[in-house]
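Trainee: Below, each chain spelled out in residue letters.
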Amino acid sequence: MIEGQRVVAGEAILSGVATIERSRSESSHDTLERLVREHSRLVYRIAYAVLRSHHDAEDSSQETFMRVLRYSSKLPEVEDPKTWLARIAWRVAVDRSKKRRWTREIPLDDPAKPVAEVASSEIPADEAVQATQLGVAVVKLIAALPTKLREPLILSTVEEISPREVAATLGINEAAVRSRVFRARQILKEKLAQQTGTRQVEP
Amino acid sequence: MTDQNHEQAHVQDSQNDELDRALDAALTKYSSVDPRAGLEERILANLRAQPTAPSHAWWKWGLAGALAVMVIVAMAVAWRSGRTTHSQLARHPTNTEQIRRPANPPEATASERLLGNTPTRATHRGGAIAVKRSAPRARAVAEADPKLDVFPSPRPLSEEELALARYVRNFPSDAKLVAQAQEASERDVLAKMQALATESTESN
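Line order of the protein sequences matches chains E and V.
Quick note on the numbering used here: the first sequence kicks off at 117 and runs consecutively.
Quick note on the numbering used here: the second sequence kicks off at 641 and runs consecutively.
You may find that some hints are simply not true.
[What the hints assert, rightly or not] Quick list of in silico lysine-lysine cross-link-like pairs, BS3-like style, CA-CA up to 27 Å:
1) Lys264(E) - Lys190(E)
2) Lys256(E) - Lys190(E)
3) Lys669(V) - Lys198(E)
4) Lys214(E) - Lys669(V)
5) Lys305(E) - Lys669(V)
[Stated by the list, open to error] Here are some of the chain E residues that sit facing chain V, going by a computed Cβ distance under 8 Å:
6) Arg157
7) Leu158
8) Tyr160
9) Glu174
10) Ser177
11) Glu275
12) Lys305
Bear in mind the hints are in silico, worked out from the structure with no lab data behind them.
Ideal placement from N, C-alpha and C gives every residue a C-beta, glycine not left out.
Using the sequences plus the hints, can you model the full thing?
Mentor: Here's what the structure looks like:
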């Protein structure tokens, strides 16, 4: 009788362990799927902010989640998955950007985008063209900023990320993020004012 | 004058505000892009297509490392064994002579042996030439059959031989006389045996 009870208890323990293992692996998979569903847009926007190309941003997003899959065993230990993911996305995009610079690839898909926006927008055409020109100028000016100022500014343009998360992604403190973004904005404003002034003088 | 300054400051402020607003708008647009439809599904499909259990990749790396270590050890052992073979050949040059020895005149006389006149590799010019001539062939034989390196193994002199050599070195004239006497007695014995042999053949 006692032997029978022991056997039943042993089977129960084994089935319990098996269930826990299964649920663990399932939960890891579920967590990964939930991360994709919740944060794929954030990852994409971070990648786009760095790479300025839709094609590269999508490739970068895929690579980011592949890395997450590779480290999926660490997922339960991650306290803030959003920041963790943002950091991985940032690193992947920056790596890809460096590689692209090394191979001298030039994105081709984006120059057509402003034209499409102008055509589809409801605001007057001249204002839309002006905004587009300003946007192009800002992109060039941001690219010319020093890395120290450019990185926090780029990340802060992603609306899903707070300054605290920008700081955590870059590994600096929040005050530094705020001051660098402020300085970057000042520089951009000065340059834009110069450009606007020269444009006004030119005719 | 102050009105003009105020006006200028007002214009500058308004320009600054305008620039701020424009910059804000441009920065907001900087990364407010939406991916192509179905990005999540594409990412999930890609993830599902990947092989599972990536955490066990270390096992493959471990195996590869162990194989690499084994290859390195095998190469090192092969290299060392090659070196020892060559050093053995260099350390035992008598092997070539030993191979050559059956072709040499088989016996030296007893007196020559006692007096140390036995032709050696070092002193006998003819032997040395023979060794030199046969060196490539002997090396070829040695390389073809590595067992020749150890067979026949060089043997040190026995105690009796050493005592005899010492005697010859110390008393060369006595030794010569003894050797001559021994040779003469051997010759006599040989002559007697030959005579007996001829007698027995004649009687038959």
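Trainee: Now, for every hint given, state plainly whether the structure supports it.
Mentor: Hints versus structure:
In summary, the hint linking Lys264(E) to Lys190(E) is not supported, as the alpha carbons are separated by about 30 Å, beyond the 27 Å threshold. A distance of roughly 39 Å separates the Cα atoms of Lys256(E) and Lys190(E); the hinted pair therefore is violated under the 27 Å criterion. For the proposed pair Lys669(V) and Lys198(E), the alpha carbon gap of about 22 Å is at most 27 Å, so the pair holds. Straight-line distance between C-alpha atoms of Lys214(E) and Lys669(V) comes to about 24 Å, which keeps the hinted pair within the 27 Å bound.
With a CA separation close to 16 Å, the supplied pair Lys305(E) and Lys669(V) stays within the 27 Å bound. Interface hint status for Arg157(E): upheld, as the beta-carbon distance to the closest one in chain V is roughly 7 Å, under 8 Å. Interface hint at Leu158(E): violated, since its Cβ lies 10 Å from the closest Cβ of chain V, which is beyond the 8 Å cut-off. Here the hint on Tyr160(E) is kept, as its CB sits about 4 Å from the closest CB of chain V, short of 8 Å.
Proximity of Glu174(E) to chain V holds as hinted, the smallest CB-CB distance being about 6 Å (cut-off 8 Å). About 6 Å separates the beta-carbon of Ser177(E) from the nearest beta-carbon of chain V, less than 8 Å, and the hint is met. With its C-beta approaching chain V no nearer than about 6 Å, Glu275(E) sits inside the 8 Å limit, and its interface hint holds. Given hint, Lys305(E) at the interface with chain V, holds; its Cβ is 5 Å from that chain's nearest Cβ, closer than 8 Å.
Against the hints set out earlier in the document, violations occur for numbers 1, 2 and 7.
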